[in-house]
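I would like the entire structure built from these sequences, with the hints used as guidance.
Note that the protein sequences, when read in sequence, are chains A and B. Numbering follows UniProt numbering, with no gaps: position 568 of the first sequence is 568. Numbering follows UniProt numbering, with no gaps: position 29 of the second sequence is 29.
Think of the hints as simulated: they come from the structure by calculation, not from any bench. A hint or two may mislead.
Claimed, not checked - In silico lysine-lysine, PhoX-like type, Cα no more than 20 Å apart, as pairs:
| no. | chain 1 | residue 1 | chain 2 | residue 2 |
| --- | --- | --- | --- | --- |
| 1 | B | K106 | B | K161 |
| 2 | B | K56 | A | K508 |
| 3 | B | K121 | B | K102 |
| 4 | A | K408 | A | K319 |
| 5 | A | K344 | A | K319 |
| 6 | B | K68 | B | K78 |
| 7 | A | K450 | B | K68 |
| 8 | B | K78 | A | K424 |
| 9 | A | K408 | A | K344 |
| 10 | B | K100 | B | K15 |
| 11 | A | K273 | A | K242 |
| 12 | B | K161 | B | K121 |
| 13 | B | K84 | B | K15 |
| 14 | B | K56 | A | K408 |
| 15 | B | K106 | B | K121 |
| 16 | B | K15 | B | K81 |
| 17 | A | K424 | B | K102 |
| 18 | B | K59 | A | K450 |
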Amino acid sequence: MGRKLDPTKKEKRGPGRKARKQKGAETELARFLPAAGDENSKRLSSRARKRAAKRKLGSAEGPKMNKSPGAKPLPGKLPKGISAGVVQTPRKKGPQSFLNTARGKKRPAPTHSSEEEEESEEDGVGNQGDLWGSEDSDADMRDDYGADSNSENEDEDEGEELLPIERAAQKQKAQEAVAGGQWIEEETDEEEEISPESGPKKDDEPDGGLQINVDEEEPFVLPPAGEMEQDAQPPDLQRVHKRIQDIVAVLRDFGTQREEGRSRSEYLHRLRKDLAIYYSYGDFLLGKLMDLFPLSELVEFLEANEVPRPITLRTNTLKTRRRDLAQALINRGVNLDPLGKWSKTGLVVYDSSVPIGATPEYLAGHYMLQGASSMLPVMALAPQEHERVLDMCCAPGGKTSYIAQLMKNTGVILANDANAERLKSVVGNLHRLGVTNTIVSHYDGRQFPKVVGGFDRVLLDAPCSGTGIISKDPAVKTNKDEKDVLRCAHLQKELLLSAIDSVNATSKTGGYLVYCTCSIMVEENEWVVDYALKKRNVRLVPTGLDFGQEGFTRFRERRFHPTLRSTRRFYPHTHNMDGFFIAKFKKFSNSIPQSQTGDSAASTPAEVDLPDLKAQVTPKPENSSQPAKRARVAVKAKQQLHPKKATFRKQNGVSKGADSELSALSSVTKARASSKLQDSSQPAVKAEVITEPKVLGKLKQQSPKLQSSKKAAFPKHSAPPKGTDTAAPAMLSSRTQATLKPEDRAQPLGDAKGAEKVKQQLSEQPFKKAPFQKENGTPKGTKTSTMFPLSSSQPPPAKRRKSQSRGSSQPLLS
Amino acid sequence: MRPLTEEETRVMFEKIAKYPPFALSIGENLQLLVDRPDGTYCFRLHNDRVYYVSEKIMKLAANISGDKLVSLGTCFGKFTKTHKFRLHITALDYLAPYAKYKVWIKPGAEQSFLYGNHVLKSGLGRITENTSQYQGVVVYSMADIPLGFGVAAKSTQDCRKVDPMAIVVFHQADIGEYVRHEETLT
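Dropping the structure here:
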């Protein structure tokens, strides 16, 4: 027999009185443990805590005593009990993080026997950890409690704590003000701001509180100078994520949702840092991405990079048909589907019970694992049977084998790669897939037309920074920076020129070149294509791919040839394939355009120009501008230009000063932008010059040039980047510019003043030959490429640069 | 890259002809492989490896300097240091159609064979009649995909009698080597 059942006596539900009081040794010990600051974010085990408590007890009895007595009486009462718990737990948590508690996000697991309030209070408590000794423990405890609940949790509206919360919040505020920057400013800002304000509101409108929080958060966007210090503590990812969403929401409707006194750039700055933290990106890459995408797309892009793309494979039509292969794989237990109506050989694998890279069909060469975006350049290239095709960077051989299967093993393919290790996989893949018409070689792609040329079609899948395949290689997020991108761009330009020279323009069935990269950076894509357009007798043609985003014709301060619209960009978040860029060229003449020598011999004018330029440059005011230019150049976003410029500078000495002038001149001088070898140096200079002027913008001198360039009526890529390439020759031709000037002047677009002019000058790069120029269409306003037509022989009208240009240009031109 | 010498050609074709599964004599080999309907093919030696390539391709490859040339057409095999010829799996596609003796293995045993293991009786699907013991065979999957070369461990008659765990085909070369031995292909 036990106790008699007594229905009148009700069992008490919930934790009993004692349960609250006895939280266990750890909670008791928390009282003695040092405040948050002491053990920075270190979770101690229970034994460790006991040891720490002992240590503390031994060392600091005085201060501790204060707390404990304070704490002890509390357990007696329920509310106090809570606060006691609160008091204790925060301490423990203190070290762990202010972060955890923030905003009612993750609750630290331990010791929360009771409420969330305690957890939320941790924030407050944590903050106040430092102040433990100094404060009145009761007040602190209450303060914490209130602060936490106020700040984070709408859920926690507890009527009873309101008043104490408010009081606590105010106290906390006062304390924090006193404490200064002891803790992460961000955190404190948030809490401070939120607690007082949200406290009263919280009870009434949790939803309003949400919005309030959004608004409240803005203030913290602008933390005092110590914002960076918050990185001392590990960030709370959930809070960061929420902040990202909030800021994006605010920025979407900035006019109405902004916080007073906060500028857009502050929000952007905060967003940038948060994105870098949350997605683990380096600052450089994130900055570039923010330039490329609008905010909503940016977040999608970043999210897409965290997830791998679906596995796709390509049927090897030399050995089997897609239908048969699909059937065989399905029999093995692979779940797949055709890739899309744009591909007749692609299959996408959803899941598989056997390793898809080791099935007997794979080993027999019936299919090849290949990314969907890698199939596109070959489709764009469209090789025909019995053609001669060059694949300059072929490893690991997926595109080469696709070319072979489209050609049905006829003709010849020369598959080249500069990396000997990866060539082995090329050989293996080609043998496996039964490709018999291929020669595999190990050259540096830049040697190409010299070794063997005259190909009908060329495919150049250039080595790049890999920003489109971040989902495959997350290291790209942090290890790419400006130098890498510029280096890649430089290499790509060289390879592209070599590839163009390897194409036989008079081929009966061909004369095409496809340039592609797995990168989304404008510096490696549009800029390189634009450079080639200026330097060689090629033009862009439609790729034949009816989906994908069009390439940029202008980007920030650069202006590209309008035909760049026919290039295609692919993104992971819109097309669900790796980031890619494809451009298809047709070569219409085998001759290599001379750099800006204008109507006279190609090289000589350039050379002549150079010395002239040099001479003129020095005296010219350009010199003065040079430093400015230099500065600009340095500042310029187009770092790519820098390397070029640097080299040019050395060559051309004057280029620096002459830049501004040169740009104008150069454009004039070399209508045929294509830089020959000889010109190359010059163009380089010009490029610099052009670019620099652009940078300088301010240089008035250049403005006349710009105008002239505008005149050119060749849309010329206005963007300075082009300038560099073409600029160099242009620069050289700057003398000739003088001649062109009259033309230019005729058309000065007027708006080309100052900056515009500079731009124009830069754009002037007459690189593109006349044909291109025409293609370029009407010069776009000020920005239009200031392509100077062939340098006319007339002395350039004296423009602002008169002093400079005239001197230099006249002799050269005439 | 150079054409094969007489001696080398002889050694190579002997190997191919004698390679058990193939029903070719040396003369036939030469004819069938060299004069194909789509053009004249030839064998070339480069870095001790024999490549089978059409003449058109060979002409283009002649422009490439020897140390930069990695591969051309199809590699049939290589000559060892002692000038013996070793046939590679890459020649399978060309030689499989000429095989006289074939062995088909069950789907379950495919993976095992592709890893380099011998074929057990339990994995044997079909076998050509009149296969004598130690006869060279070409191994196929049930879907008629050639998987590699082998040597029959038992004659066809014996295969019917042995227990399921006995080896019936010794493994010699298989297409799994494309993945397992990538380095040796170059």
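Hints that the structure is at odds with (numbers, increasing): Violated: hint 17 alone.
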